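All chains should be built: construct the whole structure from the sequences, respecting the hints.
Line by line, the protein sequences give chains A and B.
If you read the first sequence in numbering that gives the first Met the number 0, its first letter stands for residue 0, the second for the next number, and so on.
If you read the second sequence in numbering that gives the first Met the number 0, its first letter stands for residue 0, the second for the next number, and so on.
None of the hints are false.
Which copy is meant is left open, so a pair is good if it fits within one copy or across any two.
Using 20 Å as the maximum straight-line C-alpha spacing, the simulated SDA-like pairs for lysine to any residue come out as follows:
id, residue 1, residue 2
1, K32, R118
2, K32, V20
3, K32, D77
4, K11, V121
Keep in mind the hints are simulated off the structure, nothing from the lab.
Everything numeric in this text was worked out from a predicted model, so none of it was measured.
There are 2 protein chains.
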Amino acid sequence: MRLSRYFLPVLKEIPAEAQIVSHRLMLRAGMIKQAQAGIYSWLPLGFKVLKKIENIVHEEQIRAGHIPMLMPTLQSADLWRESGRYDDYGEEMLRISDRHGRDMLYGPTNEELITDIFRSHVSSYKDLPLTLYHIQWKFRDEVRPRFGVMRGREFLMKDGYNFDVDKAAAMHAYNRHLVSYLRSYERMGLQAIPMRADSGPIGGDDTHEFLVLADTGESEVFYDSAVTDLTFGDRAIDYDDVAQCQGILEEFTSRYARTDETHDPALFDQIPEDRRRTARGIEVGQIFYFGTKYSEALGATVQTADGAAVPVHMGSHGIGVSRLVGAIIEASHDDKGIIWPEGVTPFHCGIVNLKQGDAEADGACEALYGSLTALGLEPLYDDRKERAGGKFATMDLIGLPWRITVGPRGLKNGVVELTSRRTGESEELTPQEAVEKVARIYGVID
Amino acid sequence: MRLSRYFLPVLKEIPAEAQIVSHRLMLRAGMIKQAQAGIYSWLPLGFKVLKKIENIVHEEQIRAGHIPMLMPTLQSADLWRESGRYDDYGEEMLRISDRHGRDMLYGPTNEELITDIFRSHVSSYKDLPLTLYHIQWKFRDEVRPRFGVMRGREFLMKDGYNFDVDKAAAMHAYNRHLVSYLRSYERMGLQAIPMRADSGPIGGDDTHEFLVLADTGESEVFYDSAVTDLTFGDRAIDYDDVAQCQGILEEFTSRYARTDETHDPALFDQIPEDRRRTARGIEVGQIFYFGTKYSEALGATVQTADGAAVPVHMGSHGIGVSRLVGAIIEASHDDKGIIWPEGVTPFHCGIVNLKQGDAEADGACEALYGSLTALGLEPLYDDRKERAGGKFATMDLIGLPWRITVGPRGLKNGVVELTSRRTGESEELTPQEAVEKVARIYGVID
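This is the structure we're talking about:
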């Protein structure tokens, strides 16, 4: 993309309403614009990051054997009356009446609707196991929406639902979700720690929240520092292997790691003192096993091998897709702006032309742009007639992990400059070497 | 995908509520499930087609230089009061009150919201031309929703908005949209004819609707048969070339083609009698130039080169993404079921194992599955223990354009059968040849 043709409305001033750094940076970098309290338009740069995160979630869910679909945003109130949650849910549920006076609601979650789909179509244990998920906009009418997309009212969430014949099978689904979530967050450049959590209005016994450590997190968290040494890495995983998935769950959840809701000071004190940590965390996902709570309320049963009709065992599993954009920025920024991890960056690298209009500089930039594009990479080329300082400030603000700087002085020696946004380190390379290095970083060449 | 692990709830009976063939087939093929009147869940097979259509629209819009973003589903009533449409829009607008009693609405279209974004960030002609678009769920509270996803209440639409300094520039944007739409529909296997149309509640002078001819279309259309001879094909297009885009507009719109709303019998009678056609059509898109209607109401002005402040010239341009799923089926089916065009098929081909459990047949199917997948294709392998007739009926119903049939008898002679869903023609090929033929059809090998 050439910046002269893009829509990147960066702001010079720090917006007064934004209290936390991710909200400030998303506004300044032209990623979002508030439409109403807690409701945002995703401007082109923000939309690109949102899609990258969504794609990672899709890829990892499909890899785990979970099946994508899409439920609507608006749901029937009657279904929520069946489960008993219509009255329970409180004022966070946005209630709507249509032109015929029928009660609807903007879905805050989808346990009822997915269970209705299941009970309409599945009646035999032979069709299990089954995990369906979707990535769809939800609405929760927060009384005081704030922190930008971190606590918005209209938000994008992945929510998945497993249907299994018994608790053991459902716990394997639970473990598959834990593993796929660990992989997903790592691909986004995040360390998200699974912590024992409280089930809240979803219900159920087993639940873990995934928390990203950040000073601005809304939850206080307590953990054994040994948990932050764990990484999933590129280990091979067979999602049908019950023991392997269970082993990963144990590896990542056997150390103490809890939010304030489930914190147990006595247990915490048993950790060696030098490993006890208190910090703040941002919740970016949660998995639940809740057994037959919804299947019993809504009559979702299957026939087992011996002919008995049993309610299916279920769980639900969510990733806050739009919230993650803010969470990643909270975890990865500096005074100059955002620092995108490579996995979610909106453009793979920036190209800064120090002397727009100079035939040689323009030509070198166009050649770089063409080479990177031909490799399947997406560069953002700042081809505006602006001074170098302004171009650098914009690139730093929007946080592309790599920048290639092209100027007449370097070109005289046959070199351009490749700079890491994270470390600030630069090296002089031929244009060809710079392209190859960037391509190698993103794994498009060996 | 192995069918034993998929969620494909095909129905045996013809659902009573479905009046048109696409609605019946989408229910029978397990593509959708109604959640409420005019509101559908997209089951896995339907979701895959929806995504394919969405991807084509994204690719062609980006190719035309239009910039993707995303606006929220819920909008502020105040913005619609500014434009004067809040009261005008009538009962089709779903009006909502939040917990604080603030008036909102579920967006039926986005002229107001995009103009608000524009006026907040753009003030100079130097930032033009600019076309922003999004693909987002909309809601129109139809009094009698029917025909499945063809006239739903919650529906997925691509809507794009151009901002230009004067009418001439805006008409080039109009032409770019016409060209990109022609390309998009052809990639979906559709012939969509641009017809002079009525602007309705959007307003404006210049507008064309794109109609797909089908017996179940809601509009009566009148045209010169010469228009159906036109195809866009794979001609090269430079979207910056004003004359080229204008030429394509003229080529595709100079013959008579109108809906009943704008039909002019006197003009129609001037067409040679043997080329006069009356038919029914399904509207799958519309483009509008409406000048300064919204920019004046909302104060969206830019400063021109000579320092004057002028309201921007705008247009809006829509493609009915969810409706297209139905429209494609209306245009492409037979007694046995759907016939997907290659461009939008949910799976590239089916693999039918005639003797599940037979070691040789199972092995050959697995090998085919592996080879196709390695080429980046997505086969659907019917690995269920069902009789052959049932497997064929399912494949015919869900409409994959190509089917590879594997059985012990053929394997003895080293062959499998490749069958075209459209023609019903089969040929015997070695497994290797079958894979190569399918790969060539989809352009993944030469």
